[in-house]
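Colleague: Protein chains in written order, with the numbering used here: chain A, 1 to 293; chain B, 1 to 282; chain C, 1 to 369.
Because the hints were derived from the structure by calculation, they are not lab data.
Since we're looking at a predicted model, the values are computed, not measured.
One should not assume that every hint holds.
To be verified - Lysine-lysine pairs mimicking DSSO-like chemistry, simulated, CA-CA at most 30 Å apart:
#1 C:K130 <-> C:K107
#2 A:K3 <-> B:K190
#3 A:K3 <-> C:K167
#4 B:K190 <-> C:K104
#5 C:K167 <-> C:K130
#6 C:K130 <-> A:K3
#7 C:K107 <-> C:K73
#8 C:K107 <-> B:K190
#9 C:K73 <-> A:K3
#10 C:K104 <-> C:K130
#11 C:K177 <-> C:K167
#12 B:K190 <-> C:K101
#13 C:K73 <-> C:K10
#14 C:K101 <-> C:K73
#15 B:K190 <-> C:K130
#16 C:K130 <-> C:K177
#17 C:K73 <-> C:K130
#18 B:K190 <-> C:K73
#19 A:K3 <-> C:K101
#20 C:K73 <-> C:K177
#21 C:K73 <-> C:K104
#22 C:K130 <-> C:K101
#23 C:K101 <-> C:K177
#24 C:K107 <-> A:K3
#25 C:K107 <-> C:K364
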Amino acid sequence: MEKRVVFRHAWLPYLLLLPQLAITLVFFIWPASQALYQSVLRQDPFGLRTAFVGLQNFERLFSDPTYLNSFQVTVVFSLAVAALSMGAALLFAVMADRVIRGAMAYKTLLIWPYAVAPAVAGVLWWLLFNPTIGFMAAVLDRLGYDWNHFVDGGDALLLVILASAWKQISYNFLFFLAGLQAIPRSLIEAAAIDGAGPARRFWTIVFPLLSPTTFFLLVVNVVYAFFDTFGVIHATTSGGPGQATTILVYKVFSDGFIGLNLGSSAAQSVVLMSIVIALTVIQFRYIERRVHY
Amino acid sequence: MVENRPLVTYLSHGILLAGILVVAFPLWMAFVASTYPPEAFNTGVLPLWPGDHFWENYSTALSAGLQAAGGVPVGLMMLNSTVMALAIAIGKIAISLLSAYAVVYFRFPGRMLCFWTIFVTLMLPVEVRILPTFEVVADLGMLNSYAGLSIPLIASATATFLFRQFFLTVPDELVEAARIDGAGPLRFFKDVLMPLSRTNIAALFVILFIYGWNQYLWPLLITTEESFYTVVMGIQRMVAVPDSEPQWHVVMATAILAMIPPVFVVIAMQRLFVRGLVETEK
Amino acid sequence: MAEIGFAGVKKSYGDTRVIHGIDMQIADGEFVVIVGPSGCGKSTLLRMVAGLETITEGEISIGGRVVNGLEPKDRDIAMVFQNYALYPHMSVYENMAYGLKIAKMSKAEIEQRVQAAAGMLELGHLLQRKPRQLSGGQRQRVAMGRAIVRDPSTFLFDEPLSNLDAKLRVQMRLEIKQLQRRLGTTSLYVTHDQVEAMTLADRLIVMNAGVAEQIDTPMAIYERPASQFVAGFIGSPAMNFLPAEISGDGRRLSLTHGLDLRSQGLDLGNLGGRTVRVGVRPEHLRLVDTAEAELHLLVRLVETLGADLLAHGHLVPAEGAPSEAAEEIVTVRLPGVARVREGDTLTLRAAEDSLHLFDPETGKRLADV
Numbered sequence: 001m002e003k004r005v006v007f008r009h010a011w012l013p014y015l016l017l018l019p020q021l022a023i024t025l026v027f028f029i030w031p032a033s034q035a036l037y038q039s040v041l042r043q044d045p046f047g048l049r050t051a052f053v054g055l056q057n058f059e060r061l062f063s064d065p066t067y068l069n070s071f072q073v074t075v076v077f078s079l080a081v082a083a084l085s086m087g088a089a090l091l092f093a094v095m096a097d098r099v100i101r102g103a104m105a106y107k108t109l110l111i112w113p114y115a116v117a118p119a120v121a122g123v124l125w126w127l128l129f130n131p132t133i134g135f136m137a138a139v140l141d142r143l144g145y146d147w148n149h150f151v152d153g154g155d156a157l158l159l160v161i162l163a164s165a166w167k168q169i170s171y172n173f174l175f176f177l178a179g180l181q182a183i184p185r186s187l188i189e190a191a192a193i194d195g196a197g198p199a200r201r202f203w204t205i206v207f208p209l210l211s212p213t214t215f216f217l218l219v220v221n222v223v224y225a226f227f228d229t230f231g232v233i234h235a236t237t238s239g240g241p242g243q244a245t246t247i248l249v250y251k252v253f254s255d256g257f258i259g260l261n262l263g264s265s266a267a268q269s270v271v272l273m274s275i276v277i278a279l280t281v282i283q284f285r286y287i288e289r290r291v292h293y
Numbered sequence: 001m002v003e004n005r006p007l008v009t010y011l012s013h014g015i016l017l018a019g020i021l022v023v024a025f026p027l028w029m030a031f032v033a034s035t036y037p038p039e040a041f042n043t044g045v046l047p048l049w050p051g052d053h054f055w056e057n058y059s060t061a062l063s064a065g066l067q068a069a070g071g072v073p074v075g076l077m078m079l080n081s082t083v084m085a086l087a088i089a090i091g092k093i094a095i096s097l098l099s100a101y102a103v104v105y106f107r108f109p110g111r112m113l114c115f116w117t118i119f120v121t122l123m124l125p126v127e128v129r130i131l132p133t134f135e136v137v138a139d140l141g142m143l144n145s146y147a148g149l150s151i152p153l154i155a156s157a158t159a160t161f162l163f164r165q166f167f168l169t170v171p172d173e174l175v176e177a178a179r180i181d182g183a184g185p186l187r188f189f190k191d192v193l194m195p196l197s198r199t200n201i202a203a204l205f206v207i208l209f210i211y212g213w214n215q216y217l218w219p220l221l222i223t224t225e226e227s228f229y230t231v232v233m234g235i236q237r238m239v240a241v242p243d244s245e246p247q248w249h250v251v252m253a254t255a256i257l258a259m260i261p262p263v264f265v266v267i268a269m270q271r272l273f274v275r276g277l278v279e280t281e282k
Numbered sequence: 001m002a003e004i005g006f007a008g009v010k011k012s013y014g015d016t017r018v019i020h021g022i023d024m025q026i027a028d029g030e031f032v033v034i035v036g037p038s039g040c041g042k043s044t045l046l047r048m049v050a051g052l053e054t055i056t057e058g059e060i061s062i063g064g065r066v067v068n069g070l071e072p073k074d075r076d077i078a079m080v081f082q083n084y085a086l087y088p089h090m091s092v093y094e095n096m097a098y099g100l101k102i103a104k105m106s107k108a109e110i111e112q113r114v115q116a117a118a119g120m121l122e123l124g125h126l127l128q129r130k131p132r133q134l135s136g137g138q139r140q141r142v143a144m145g146r147a148i149v150r151d152p153s154t155f156l157f158d159e160p161l162s163n164l165d166a167k168l169r170v171q172m173r174l175e176i177k178q179l180q181r182r183l184g185t186t187s188l189y190v191t192h193d194q195v196e197a198m199t200l201a202d203r204l205i206v207m208n209a210g211v212a213e214q215i216d217t218p219m220a221i222y223e224r225p226a227s228q229f230v231a232g233f234i235g236s237p238a239m240n241f242l243p244a245e246i247s248g249d250g251r252r253l254s255l256t257h258g259l260d261l262r263s264q265g266l267d268l269g270n271l272g273g274r275t276v277r278v279g280v281r282p283e284h285l286r287l288v289d290t291a292e293a294e295l296h297l298l299v300r301l302v303e304t305l306g307a308d309l310l311a312h313g314h315l316v317p318a319e320g321a322p323s324e325a326a327e328e329i330v331t332v333r334l335p336g337v338a339r340v341r342e343g344d345t346l347t348l349r350a351a352e353d354s355l356h357l358f359d360p361e362t363g364k365r366l367a368d369v
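Make a model of the complete structure from these sequences and hints.
Modeller: Structure (structure tokens):
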């Protein structure tokens, strides 16, 4: 899409772009290229010598079982967060779309968790599942399950999944609701006249028409789970116990800032960047397509 | 809905109420925890009903903070958060408006290069390139400063993209009419485009304020002086006490305080918020 | 004085030429309408006059001054847009005053001009409203007002009535015409609606694919269309076209299906032996006795419009089966009182000088008979 009419000016556009370009170059492009550069270097442990090692950092990375494990954790974590929060959000959105009375109130009461910082969300759920004082841990104990996310990797992963999914429900809910409200009433009415009941209408009419929204949200949720959940994990489990909740972005941080393994951290950054770029390209195409409607 | 089935309607209300309960329960428990004295956390499971230490805990948090976490009053942390969130929101909006205007309303050599340089940043969240970005900020001497907290975060392309999309929907005839009326580029920007963007700016402000307020990793890295702690990262400092249970009563009071401004913004400006969210599409 | 001159004006986008060379003079105070189908280049031409499009080749002058390099604001023009292009956040008053304010006119002068224009357009009570609080017709008037307050030497109209409903369009058409007569401002008006074009224009430019097919007064164009395109575009319902041949001696004009037209006194010697297209307007076909008839129309469909009646059908031989009907649909306009039903066969004759002959290859007019 382009404007038909534009202004002509020799230097004004550059002046207008200057602030954003300057910040982009200094804080985005330069660091990103540094990451690329460092990913092909290796420093000795004292930081005295640096050598060019080509793709060795990447080779090491992909033969490192902890990294591969982190990959696996990330995939499980992201899919679980996406499935859980999108499922719940879709259910609530369909219900909120149905009811007439109180729809606004329901909406208000369902969207506020969006405003909660991931780190705070993590702490809230930690309290809830705290093995000694947490309400949910007590309930589980009553049911015969000994919850302890400090010891049990599965419990820890579940905790961060719940906290991350909880925070994301609002976002998904709003988009699903908007998607549902964009479906023409007449289609639903036509289906009803054709004799389709509510459940059948949902699966044969509503859900297929909602698929662009669903696809879009899937990408957004995966991106969210990949990166924005850093706070949830760092504030609660710190990647542990063991490596049970070390997702990729957490590993970049811990290897770089705690392990001080610059080459490996940079290589991990590069891998992550490729993943983000792939996801963004998918998302970008989607947005561009929508805009052309 | 199409047909009137009371049972289905009741079921819908039931599910929604259950949903609200699930969504609100962690918050409620946090509030409950923030109203008990420290001893209450040694004696087993937390009750479901608030205690009587509301004022004590909140005033401790606001004015003194936690000794174990450096003793930074939450009041100061919230002030820092506010400064950071406002700087990020306003800064992003300002530079994005200008650059989107340049990209949409001008043709000049290197335009596509500028466009892509900016939009590449869409793809690079700070978490991904954290180490080199940290080094740059350290080299520039911006650690422990409001500038360091906010400037590296104001150059995301999201806002630029939103304004670009919006500008593209402004009818061409308005520019033509303005040109015939004799308005130059800056005049058109000030007199026509800015007023038309008002709701978009407001909606974006809500989203960006929350984004800025909720920043976590970045302030965690670049603030080593307690006086620059923000409240969201401060909570982590409070819970990450080695070898002992966190001081839940103050931690939770802090968590509640940390949530109040962004949640208030979301609820008070719900319409703008929803609009900003749906239009930025992140 | 503001005559507008076009000298060899061409426009290309990259390698695509969209305007192939326009030459004409518009006199001071004249109302000229550019009409043509969408994509014919009519809006581009207007926008080149306005200064919103660059001129690839040739010159445009306004009031004797070449304006190729001038900014729109320096051309002493005002423009009314199809979608009005009112600034949505400004009141009616501010919309009209904006250009004057930029020109640094004094407050009192602006006030006086806006009030005068508002009075002329009956907008006085709406000055504090925002555009979205106005009806389509009122917005149209504000757009006109914004043009008038500038007191320009030339008005440019870009399909200003297309967004209005039919009734309002007729009313606004009259108002625009009256206003232009009163102000005496040279006007260039673009439309795709041939009724609007016919009723408004002192002179008409019919454009097709970047070429001015004909420039003349509306009646001249109606009566002597220069090409088959113009003939088909101007007039409603559209002219009927039938394939025909002229005999070698130029004395007979025969339709492909064996009917002869103009059997007496025909002399088309110079065109002898050619294949042509015969054009005849629906309103020029008259009901006559069988003896005088040139055409026999088997009516397939009748549309009653009240005052008039349109009969659509196929030509058939004078005697014989309807199965030999020609493919072309021919339309006839008859007085509303005529009793015509579907299935009737009408005996018709074209009025004198109402048959237009066109070259089937080039579409150019060859002769009228």
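Colleague: Could you grab the alpha-carbon distance between C:K73 and A:K3 and see if it respects the 30 Å cut-off?
Modeller: holds (20 Å)
Colleague: Does C:K167 sit within 30 Å of C:K177, going by the straight-line distance between their CA atoms?
Modeller: holds (16 Å)
Colleague: Hey, C:K104 versus C:K130, does the alpha-carbon distance stay inside 30 Å?
Modeller: Holds, at about 23 Å.
Colleague: Please work out if C:K130 and C:K101 have their alpha carbons no farther apart than 30 Å.
Modeller: It holds: about 18 Å lies between the C-alpha atoms, which stays within 30 Å.
Colleague: Would you mind confirming whether the straight-line C-alpha gap from C:K130 to C:K177 stays at or under 30 Å?
Modeller: Distance of about 26 Å is within 30 Å: holds.
Colleague: Starting from C:K130, check that the Cα of C:K107 is at most 30 Å away, please.
Modeller: holds (21 Å)
Colleague: Given the hint that C:K73 pairs with C:K177, does the C-alpha gap stay at or below 30 Å?
Modeller: holds (25 Å)
Colleague: Under the criterion that the straight-line Cα-Cα distance not exceed 30 Å, is the pair B:K190, C:K73 satisfied?
Modeller: holds (18 Å)
Colleague: Is A:K3 within 30 Å of B:K190, Cα to Cα?
Modeller: This hinted pair holds, its Cα atoms lying about 19 Å apart.
Colleague: Does B:K190 sit within 30 Å of C:K107, going by the straight-line distance between their CA atoms?
Modeller: holds (21 Å)
Colleague: Straight-line Cα separation of A:K3 and C:K101 no greater than 30 Å?
Modeller: holds (26 Å)
Colleague: Run the distance test for C:K107 versus A:K3: straight-line Cα separation, threshold 30 Å.
Modeller: Status violated; Cα separation ~34 Å.
Checked against the numbered hints given earlier, the structure breaks hints 3, 24 and 25 and satisfies all the rest.
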